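Undergrad: Chains as they are written, first to last, in this note's numbering: chain V, 1 to 98; chain B, 1 to 89.
Hints are computed from structural coordinates only; laboratory data are not their basis. As the structure is a prediction and not an experimental result, all values here were calculated from the model. Think of the CB as a built atom: it goes at the ideal place given N, C-alpha and C, for glycine as much as any other residue. Do not take every clue at face value.
Stated by the list, open to error - Ranges between beta-carbon positions, derived for each pair:
1. B/Q33 - V/Q10: 37 to 47 Å
2. B/M25 - V/P50: 22 to 32 Å
3. V/P44 - B/T26: 34 to 44 Å
4. B/S50 - V/D51: 14 to 24 Å
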Amino acid sequence: MSFLFGGRPQLSSAEKIAAAETEVEMVSDMFNRLSQSCTAKCIPPEYREPDLNKGESVCLDRCVSKFFEVNLKVSEKMQGEAAQKGGAGGGGMGGFGM
Amino acid sequence: MDGLNAQEQRELQGRMEKKQMKEFMTMYSRLVQRCFDDCVNDFTTKSLQSKEEGCVMKCVDKYLKGSERLGQRFQEQNVAMQSGQLPGR
């Protein structure tokens, strides 16, 4: 019951764990979405061979790269807009999705 | 993930393991659905024809290899992003 005593501005154990969990969750959620999009876009529904062919491999690599770029662009734009509106956004989190 | 003591680390670890299990199950059912949708469209027989089965096997192989590759690239990009540089290409 430490919260009854010291009015310390420190995070409780539960809060710290929750924060770490949220961080991991954001990354893994992003990976899941990327994974679904890129698989759908790069792997055609004919399965002639069990391996990724050259085209599919290159497509997947580029898809990941572009997904990150879009992520960054959207985050920059949203931050820019937020800054224009109020400038109140003190906590500049370096990009959504981490 | 810094600033956690040993007990907190363990708690987090436990939650991550549960989450991983859940994620694995989700991945599995997504894979079943995708390969079923892509490979099985003919219902004139009751069980899988050899062509369909072959398709499913290749589908699973390909999907798993794709996921692995995506994971590697994701990791690389994520590290690059954390260190603040975006690799332009």
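Undergrad: Now, for every hint given, state plainly whether the structure supports it.
TA: Results for each hint:
With their beta carbons about 46 Å apart, B/Q33 and V/Q10 fall inside the hinted range of 37 to 47 Å. Separation of B/M25 from V/P50 is about 23 Å and conforms to the stated range, judged on CB atoms against 22 to 32 Å. For V/P44 and B/T26, the Cβ-Cβ distance of about 23 Å falls outside the hinted range of 34 to 44 Å, so the restraint is violated. Distance hint check: the CB atoms of B/S50 and V/D51 are about 20 Å apart, consistent with the given range 14 to 24 Å.
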